[in-house]
Amino acid sequence: MAPNHTIFTMLLAASLVIFAISCWRRFSLLSLGRPEDRTDDPGRRIGEMLRYAFLQQRVLAKPFGLNHFVIFWSFLVLAIANGEFLLHGVFPGISLARLPDGIYFPLLLVLDIVSLLALAAVTIAAARRTIAPPYPEARTFEAYFILSLIAILMLAYFGINAGKIAAMTGGTLNVALTWMPVSSRVAMFVLPAEGRYVHDISWWSHAFALFAFICFLPNSKHMHILTAIPNCFLRRFEKPNTLPMEEFTPENTFGVGRVDRYTWKDLLDSFSCTECGRCQLACPASITGKPLNPRGVIHDIKVNLLENGPSLKLGGTPLKSLIGQNGEGSVCEEAIWSCTTCGACMQACPVFIEQMPKIVQLRRHLVETEATFPEELLNLFENMEGRSNPWGIAPSERTKWYSQMQVRPFEKGVTDYLFYVGCAGSFDSRNKQVTVALALLLDKAGLTWGVLGKDEKCCGDSVRRLGNEYVFDRMARENVTLFRDRGVKKVIVQCPHCFSTLKNDYRQYGIELDVIHHSELLRNLVQDGRLALNGTAGDLGVLAYHDSCYLGRHNDIYDAPRQALELATGTPPVEMGRNRENAFCCGAGGGRMWMEEHTGERINITRVKEALEQRPDTICTACPYCLTMFEDGLKDVRAETVTVRDVAEVMAEAALR
Amino acid sequence: MLIVACIKQVPDTTQVQIDPVTNTLVRDGIPFIVNPYDTHALEESLRLKDRFGCTVAAISMGPPNAEATLKKALALGVDRAILLSDRVFGGADTLATSNVLAAAIRKLHTEYDNVGLVLCGKQTIDGDTAQVGPGIASRLGYQQLTLVDKIVDLDFSAGRIRVSRKLEGRHEIVEAPLPAMLTVVRELNRPRYPKVPMRLAAAAAPVEVWNNQVLNLEEQSIGLKGSPTWVSKIFSPERATGEILGDGYADPDGTAKLLIEKLLAKDMLPL
Numbered sequence: 001m002a003p004n005h006t007i008f009t010m011l012l013a014a015s016l017v018i019f020a021i022s023c024w025r026r027f028s029l030l031s032l033g034r035p036e037d038r039t040d041d042p043g044r045r046i047g048e049m050l051r052y053a054f055l056q057q058r059v060l061a062k063p064f065g066l067n068h069f070v071i072f073w074s075f076l077v078l079a080i081a082n083g084e085f086l087l088h089g090v091f092p093g094i095s096l097a098r099l100p101d102g103i104y105f106p107l108l109l110v111l112d113i114v115s116l117l118a119l120a121a122v123t124i125a126a127a128r129r130t131i132a133p134p135y136p137e138a139r140t141f142e143a144y145f146i147l148s149l150i151a152i153l154m155l156a157y158f159g160i161n162a163g164k165i166a167a168m169t170g171g172t173l174n175v176a177l178t179w180m181p182v183s184s185r186v187a188m189f190v191l192p193a194e195g196r197y198v199h200d201i202s203w204w205s206h207a208f209a210l211f212a213f214i215c216f217l218p219n220s221k222h223m224h225i226l227t228a229i230p231n232c233f234l235r236r237f238e239k240p241n242t243l244p245m246e247e248f249t250p251e252n253t254f255g256v257g258r259v260d261r262y263t264w265k266d267l268l269d270s271f272s273c274t275e276c277g278r279c280q281l282a283c284p285a286s287i288t289g290k291p292l293n294p295r296g297v298i299h300d301i302k303v304n305l306l307e308n309g310p311s312l313k314l315g316g317t318p319l320k321s322l323i324g325q326n327g328e329g330s331v332c333e334e335a336i337w338s339c340t341t342c343g344a345c346m347q348a349c350p351v352f353i354e355q356m357p358k359i360v361q362l363r364r365h366l367v368e369t370e371a372t373f374p375e376e377l378l379n380l381f382e383n384m385e386g387r388s389n390p391w392g393i394a395p396s397e398r399t400k401w402y403s404q405m406q407v408r409p410f411e412k413g414v415t416d417y418l419f420y421v422g423c424a425g426s427f428d429s430r431n432k433q434v435t436v437a438l439a440l441l442l443d444k445a446g447l448t449w450g451v452l453g454k455d456e457k458c459c460g461d462s463v464r465r466l467g468n469e470y471v472f473d474r475m476a477r478e479n480v481t482l483f484r485d486r487g488v489k490k491v492i493v494q495c496p497h498c499f500s501t502l503k504n505d506y507r508q509y510g511i512e513l514d515v516i517h518h519s520e521l522l523r524n525l526v527q528d529g530r531l532a533l534n535g536t537a538g539d540l541g542v543l544a545y546h547d548s549c550y551l552g553r554h555n556d557i558y559d560a561p562r563q564a565l566e567l568a569t570g571t572p573p574v575e576m577g578r579n580r581e582n583a584f585c586c587g588a589g590g591g592r593m594w595m596e597e598h599t600g601e602r603i604n605i606t607r608v609k610e611a612l613e614q615r616p617d618t619i620c621t622a623c624p625y626c627l628t629m630f631e632d633g634l635k636d637v638r639a640e641t642v643t644v645r646d647v648a649e650v651m652a653e654a655a656l657r
Numbered sequence: 001m002l003i004v005a006c007i008k009q010v011p012d013t014t015q016v017q018i019d020p021v022t023n024t025l026v027r028d029g030i031p032f033i034v035n036p037y038d039t040h041a042l043e044e045s046l047r048l049k050d051r052f053g054c055t056v057a058a059i060s061m062g063p064p065n066a067e068a069t070l071k072k073a074l075a076l077g078v079d080r081a082i083l084l085s086d087r088v089f090g091g092a093d094t095l096a097t098s099n100v101l102a103a104a105i106r107k108l109h110t111e112y113d114n115v116g117l118v119l120c121g122k123q124t125i126d127g128d129t130a131q132v133g134p135g136i137a138s139r140l141g142y143q144q145l146t147l148v149d150k151i152v153d154l155d156f157s158a159g160r161i162r163v164s165r166k167l168e169g170r171h172e173i174v175e176a177p178l179p180a181m182l183t184v185v186r187e188l189n190r191p192r193y194p195k196v197p198m199r200l201a202a203a204a205a206p207v208e209v210w211n212n213q214v215l216n217l218e219e220q221s222i223g224l225k226g227s228p229t230w231v232s233k234i235f236s237p238e239r240a241t242g243e244i245l246g247d248g249y250a251d252p253d254g255t256a257k258l259l260i261e262k263l264l265a266k267d268m269l270p271l
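Chains S and V supply the protein sequences, listed in that same order.
For the first sequence, our numbering begins at 1 and goes up steadily by one.
For the second sequence, our numbering begins at 1 and goes up steadily by one.
Since the hints were made in silico from the structure, they are not lab data.
Bear in mind the structure is a predicted one, so any value in this text is a computation, not a measurement.
Honestly, I wouldn't trust all of these hints.
[Said to hold, decoys possible] Covered stretches of chain S (chain V as the covering partner; in silico rule of three or more C-beta atoms under 8 angstroms from a C-beta of chain V):
1) 244 to 253
2) 362 to 375
[Claimed, not checked] PhoX-like, lysine-lysine: derived pairs with alpha carbons at most 25 angstroms apart:
3) K457/S x K432/S
4) K239/S x K62/S
5) K239/S x K457/S
6) K490/S x K239/S
7) K71/V x K457/S
8) K239/S x K489/S
9) K400/S x K320/S
10) K489/S x K454/S
11) K257/V x K457/S
12) K635/S x K195/V
13) K71/V x K320/S
14) K490/S x K444/S
[Claimed, not checked] Partial list, derived from the structure: chain V residues whose beta carbon lies under 8 angstroms from chain S:
15) G77
16) R80
17) R186
18) P197
19) W210
20) I244
Using N, Cα and C, we set each Cβ at its ideal position, and we do this for glycine too.
Based on the provided sequences and hints, a complete structural model is requested.
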């Protein structure tokens, strides 16, 4: 059947109506979410959007990203051809051929080649999905369907042109041969007499594929074509572990127990996920067999929103609970508690979906509204509230580590730095050795520093990541008041969790502290010549460095500990398979330090095995939790000849000998 | 049906130190906590409330600042929180304390049809006498069931309770008519954690304060005057000083050997 512009127009109109209704159906659900401002610093937002959405920086971080890059840019370029096709279908007078030849011919060449590239890319994508999918469940009808539609569009594009070319002769044929190399090769298989049929069949195929695409797009995960670019524009600039504060007034709700308690941006995230699975491939919980899958959480939020949306819009209550074991559309409690808040999912996501804060919001609901949580946490919460440390040890014991040495109390004007020792550094017998090493180094470098002694309180990191925002809020306020009263400005910490909490979280409470992690401080002191190294800490053998999530991913400190180690040992540390931004968590973050790990392989064991692949003699950490997790893990895999040292201890070997 | 949970504010004993000069507890700046055993009594009361719909009253005798303890009980879900506080109650031993608590429960008895159960922790961690619960039972003429680790059966309409008592190396199942006073051990339950909305509501909810004008007890039976026992001295027994053997970090095997030799020499290893 020859192209019929009336039928075409009617079908297009119908498709557009379906498209509009579908978009409205989904986007209007965003209004159910709570308000949140994501418009600050628009200049930076546009920059990030160009970098990540258009240049696809994060997509390209993985080898297969190149394939997506090709599809993405083909899509943009071919929008010209598809736009023309649609307009021409309705208004036959409109055609690119009206452009001057100098523009039209090169354009034909570009469209011809780009179509071939797109066809190749979708073929590769389909093959990859079949042979080596990113994760087994990725072989969905939806995925193959959309790839097939794109392939049909490309084939039909060639068919339309080939049909025309087959009937061409003389000069026009020469033009086609020059400017449409792919289409003219396809035309070689078409007899001149068949040209019309091939053209007409291709034309209708193209039309139907395009209509199907338009209708299907906003009802599938391929909606990311519409949402991914804005999602990059609307990305969060705040450190990923710093969640919004809660206001503790009786009329408020706490955390997220139903889908409309998320913000509109959280809901938009769920529409932006195209289920590439990169988050789950980076997630320590997913990898070690826990029921948590960050992609799954985002998917469940979307399904829950779509199921409950109509009822919620009418002011009703949700039909499907967000938390629980109700299959698709709800997140089970074990998944919620499996998160180490390591941030690997957010680092991996090409379109800046914020999985981890959504999980913590679910925790907040469980802890604050339901008071249900794994039983190990009851003691933790009570110890934190009662004695301001995770173990419930008497605060007076905070001074014990310096019973054998001279340590000053922090005093404004007398001591420059507050050494905020932290709970692990104060109470944990192994980590107290790190504290002593660091204290000796600070003295040797001639810094004036003091401690808060028994007045020091826990920073509250674990309770915040565990969703006990109420207790965190009180602890933070107490600490901020204490720091203000004592005139604290510059703070030395040896724990990345204290570091991140004091530096980032406490900013929400109106205090800007100059917090420095000991790995940075020690490096600076050596580089500035203030801390002299007597020898090199060479007898530590091959030394591998493990990135702490709260130092690395959450605060972008990757080089300082490495440089410090290089200064101390003379050689840069050996890198593990996954390092820096892609480092694998030790398993203790997000309050997991205080919980049992029953399901799957233990995260620290997985990481220890990865470290042992480098055959290190020493594994170096910069975090008390990592130190504990590695020492435990090494014992479990019976690799006790490998020792674990903190950066400060390695530095002490070189400086204090 | 009313259930009364008796709770006490105690100093956080992990943080209490004894003044070496005066041999008294240094309580300055020491945080107070709810006596840990009492938290289990409170929890069981709340579970019975959830199960039977009873009303739960938490009562505590103490100084005005013990209000904080009752606020915690409110945050956990008790219906009434009553602080028995009066200068004349001060300095009480276990006898005088149980007189005051019994009087308060008797008063509650007149307000409600029936007091079914009184629950106490088995003892407090500051006094460690384990006498106040039984004292209340005697004053009120209630059955006393001590060291309860499980309520096996409870039938308010038949007025009977059957509990398991945790004794050394064995359990005893005991049945008694109501009303009864139970003292409870930690194994009874796992206390709940307060929900934030309840904490916020508790912060605004009132704690009733009953002084002796309310209870109207004779001064001879309360406070210092009503206390036949008093503490003459508190002291920490002297600790034998130890020594650090070898260097366990550098030479664990050698240090272990050293330790075994020491223990053998002192005949402290069962061989």
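These are the hints, each one checked on the structure:
Note: the segment 244 to 253 of chain S has 3 residues with beta-carbon separation from chain V under 8 angstroms; the three-residue rule is met and the coverage holds. By the rule of at least three residues with a Cβ nearer than 8 angstroms to a Cβ of chain V, the coverage given for the segment 362 to 375 of chain S holds, with 7 such residues. For the hint pairing K457/S with K432/S, the CA-to-CA distance comes to about 16 angstroms; that is within 25 angstroms, so the pair holds. Using a Cα cut-off of 25 angstroms, the hinted pair K239/S and K62/S holds, with the two alpha carbons roughly 23 angstroms apart.
A C-alpha spacing of about 23 angstroms is found between K239/S and K457/S, which places the hinted pair at or below 25 angstroms, so the restraint holds. Proposed proximity of K490/S and K239/S is supported: the alpha carbons are some 21 angstroms apart, at most 25 angstroms. With a CA separation close to 24 angstroms, the supplied pair K71/V and K457/S stays within the 25 angstroms bound. Annotation: proposed proximity of K239/S to K489/S holds, straight-line Cα distance about 21 angstroms (limit 25 angstroms).
Simply put, K400/S and K320/S have alpha-carbon atoms about 53 angstroms apart, too far for the 25 angstroms limit, and the pair is violated. For a cut-off of 25 angstroms, the pair hint linking K489/S to K454/S stands: about 19 angstroms separates their Cα positions. This hinted pair does not check out: K257/V and K457/S have alpha carbons roughly 40 angstroms apart, beyond 25 angstroms. At most 25 angstroms may separate the alpha-carbon atoms for a hinted pair to count; K635/S and K195/V exceed this at roughly 39 angstroms.
For the proposed pair K71/V and K320/S, the alpha carbon gap of about 35 angstroms is over 25 angstroms, so the pair is violated. For the hint linking K490/S to K444/S, the alpha-carbon distance of about 19 angstroms falls within 25 angstroms, and the restraint holds. The interface hint given for G77/V is violated, since its Cβ lies 10 angstroms from the closest Cβ of chain S, which is over the 8 angstroms cut-off. At its closest, the beta carbon of R80/V sits 20 angstroms from a beta carbon of chain S; the interface hint therefore is violated under the 8 angstroms criterion.
Annotation: R186/V was flagged as interfacial toward chain S, and the flag is violated, the nearest CB pair being 13 angstroms apart, outside 8 angstroms. A hinted interface residue such as P197/V counts as satisfied when its beta carbon comes closer than 8 angstroms to some beta carbon of chain S; here the least separation is about 7 angstroms, so the hint holds. Because the beta carbon of W210/V sits about 27 angstroms from the nearest beta carbon in chain S, more than 8 angstroms, this interface hint is broken. Checking I244/V against chain S by beta carbon gives a least distance of about 11 angstroms; that is not within 8 angstroms, so the hint is violated.
Consistency with the previously given hints fails for numbers 9, 11, 12, 13, 15, 16, 17, 19, 20, ordered from lowest to highest.
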